[in-house]
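Number of protein chains: 2
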Amino acid sequence: MSLPNHFELLATDGPARTGRLTTPHGVVRTPAFMPVGTAGAMKGVHWREVREAGADIVLGNTYHLMLRPGAERIAALGGLQKFTGWQGPMLTDSGGFQVMSLSELRKLSENAVTFRSHIDGTKIELSPERSIEVQRLLGSDIAMQMDECVRLPAERDDIERAMRLSLRWAERSKRAFETAPDGYMLFGIVQGGDIVELRQLSARGLIDIGFHGYAVGGLAVGEPQSVMLAMVEEVTPILPQDRPRYLMGVGTPDDLVEGIARGIDMFDCVMPTRNGRHGVAFTRFGPINLRNARHAEDPRPLDEESSWPSARNTSRAYLHHLVKSGETLGAMLLSEINIAYYQQLMQDIRNAISNRGFTDFRERVRAGWAGGDIAPI
Amino acid sequence: MSLPNHFELLATDGPARTGRLTTPHGVVRTPAFMPVGTAGAMKGVHWREVREAGADIVLGNTYHLMLRPGAERIAALGGLQKFTGWQGPMLTDSGGFQVMSLSELRKLSENAVTFRSHIDGTKIELSPERSIEVQRLLGSDIAMQMDECVRLPAERDDIERAMRLSLRWAERSKRAFETAPDGYMLFGIVQGGDIVELRQLSARGLIDIGFHGYAVGGLAVGEPQSVMLAMVEEVTPILPQDRPRYLMGVGTPDDLVEGIARGIDMFDCVMPTRNGRHGVAFTRFGPINLRNARHAEDPRPLDEESSWPSARNTSRAYLHHLVKSGETLGAMLLSEINIAYYQQLMQDIRNAISNRGFTDFRERVRAGWAGGDIAPI
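Protein sequence lines, in the order shown, are assigned to chains A and B.
Each residue of the first sequence is one higher than the one before, counting from 1 in this note's numbering.
Each residue of the second sequence is one higher than the one before, counting from 1 in this note's numbering.
These are computed hints drawn from the structure, not numbers from a lab.
Be a bit skeptical, because a hint or two may be false.
Pairs count within a copy or across copies, as identical chains cannot be separated in the list.
Stated by the list, open to error - Listed below are the simulated BS3-like cross-link pairs for lysine-lysine, each with C-alpha atoms no more than 25 Å apart in a straight line:
(1) K43 x K324
(2) K82 x K43
(3) K107 x K123
(4) K82 x K324
(5) K107 x K82
(6) K174 x K43
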């Protein structure tokens, strides 16, 4: 069954695409990178800075939010946007992935996964239907089907079993989503590990069910980048041209460029904030580790041509000092600098695709990363 | 010997005063509250927010900065303002207080205090001359003399010995400061514990030496508020009317109001940021502990009439969730809210003194605090 389409393709350049996805809380320009606000907050970054950095949409983690403060409480408080103060589109995952990675004593059945909360040990059951209910209570603009994600490497039998279970859960998720108001979206998730045939089966199965958009899941879970990109390359040609495509949990700036080169429209990753907390800045010179003593007396900023003020105005010596001293401000500055870098990269890519200059841009930006940091003073 | 005066008294209302202190990096409106950026950073708050909150001047801790990144390095990088990006006046303490409270194996002599760094164990000697040298290297607008501060309660002999040593160190600090360029300032520190006679002796001794301004030190170190205020009340009438007066390490909003009522012009304290990190907001209803379960489902902001956006727009439920979840954003929001509350309080007090309405204001604001928080929903 076909669902209304809220995605508009504006331009393509080879497989690379740029478009607009219209959600109840605003428009998302694609390709889009979604910073991750796990528990209803971006670690170390004010929402106003996420917005100023150019993010149109952010991701919230259903698993964390359903445990604390609870989906019903967030609904009573008017939904995620009202609760957090982020006045824009939000995508939520299904919670399934984090049940598998964070909770204890989990048990998977055809019907649901049961687990104990990592916060207080409460026993909880998460079914595809409950996942959709929780995401509806949160008020997320884009909900994800519940799926089972297998870490790689894995046996073909395990991958196939999880893929087929995920397809059955996709159907149940879709049925559970039928009562959602117009404008809200549900994405299906292609599984199938690193096996092309299973990926294709999964994609075709999801298309038969019909979703507002399609995600490629179960990647960036331990496999080399080449395997991830090979899977993306096999899947995107099968997916409907007119629907948005989302590569989940990815990735480095290079992963993003290469994903876009293979027809991906959306990404999410904790990397900008997590690496920021660990003293690493993403720049056009590649990643820079501010812990390194070479920065201790360097009065130069990370990138004097950056469009983001703190990347342009803060000295490497100061960032080095903050990181070495464990000052929160170091994590705050590097997290906002990284989010801004990712967003600027997306904006540059959208422009490049619009101007049919994506191939040149891709070469140029990769050459910059390969060239490495500016010479020490 | 009299020093040039950079303080202009604009209005008084009883002992309460409002004025302007002109420093090499800008004007400080008094009464002034100085947020504390211990190691060259405000914990959880961007410098741009400190500025927007209305702070004219901040305090840096000489002890921390001399250990890491080091005074000579900061000097090579252009001084504290250039290093940190805080483009305004900075006051630095002498380092002596923190040597006593943080370092190990310290030994006090007539000449200096020697200690081991709490960071790497290096043996360091801090004399009054070296303290001034360090503060000059940091480029602080207002340097403090090195003194010895005794925790209360203490024996009279100990208090007197420390007070007399502090006076001799005051003379040495002043001599060491003679080569400082015009516009930079050195403050003497009144010691004498909780003994009026010693406080008066100390104040008169400092006036004989002559400083740009006078601090009252060795308070807020364990004694009741009444003792602290009694000491202030005895000391301020002795101090020159035309020089700024600074009550060190103080305090709660009520301490500030009461200090100003006794003729104090400047304050510093870690309380706004430290209590913010511990989940406490300062408001016109008094301190509010956001950990308390009463806020869990409260959609109302801390204070809908606050001039600070995040105090006016962020729900108590969200702040409660952030604090309970240990999200950095909770500490960030409460720290900026608290700094803004302190700064707004100072602005209101400056206005009240200018309009000769300080007594009314003092009664009104204290009644607000005594009235407590708004009723639960």
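Evaluation of the provided hints:
Within a single copy, K43 and K324 get their C-alpha atoms as close as 19 Å, and across copies as close as 14 Å, so both meet the 25 Å cut-off. When the C-alpha separation of K82 and K43 is checked against a cutoff of 25 Å, the pair qualifies only within one copy, where the shortest distance is 19 Å, while the shortest distance between copies is 27 Å. Proximity of K107 to K123 under the C-alpha cut-off of 25 Å is restricted to the intra-copy arrangement: shortest distance 11 Å within a copy versus 57 Å between copies. Taking identical chains as interchangeable, the C-alpha atoms of K82 and K324 lie at most 25 Å apart only when they sit on different chains, with a minimum of 19 Å there against 37 Å within one chain.
For a Cα distance limit of 25 Å, the shortest separation of K107 from K82 qualifies neither inside one copy, at 34 Å, nor across copies, at 57 Å. In the homo-oligomer, the alpha carbons of K174 and K43 never lie at most 25 Å apart, since the shortest distance is 32 Å inside one protomer and 46 Å across protomers.
The structure fails to meet hints 5 and 6 from the earlier list, while all remaining hints are met.
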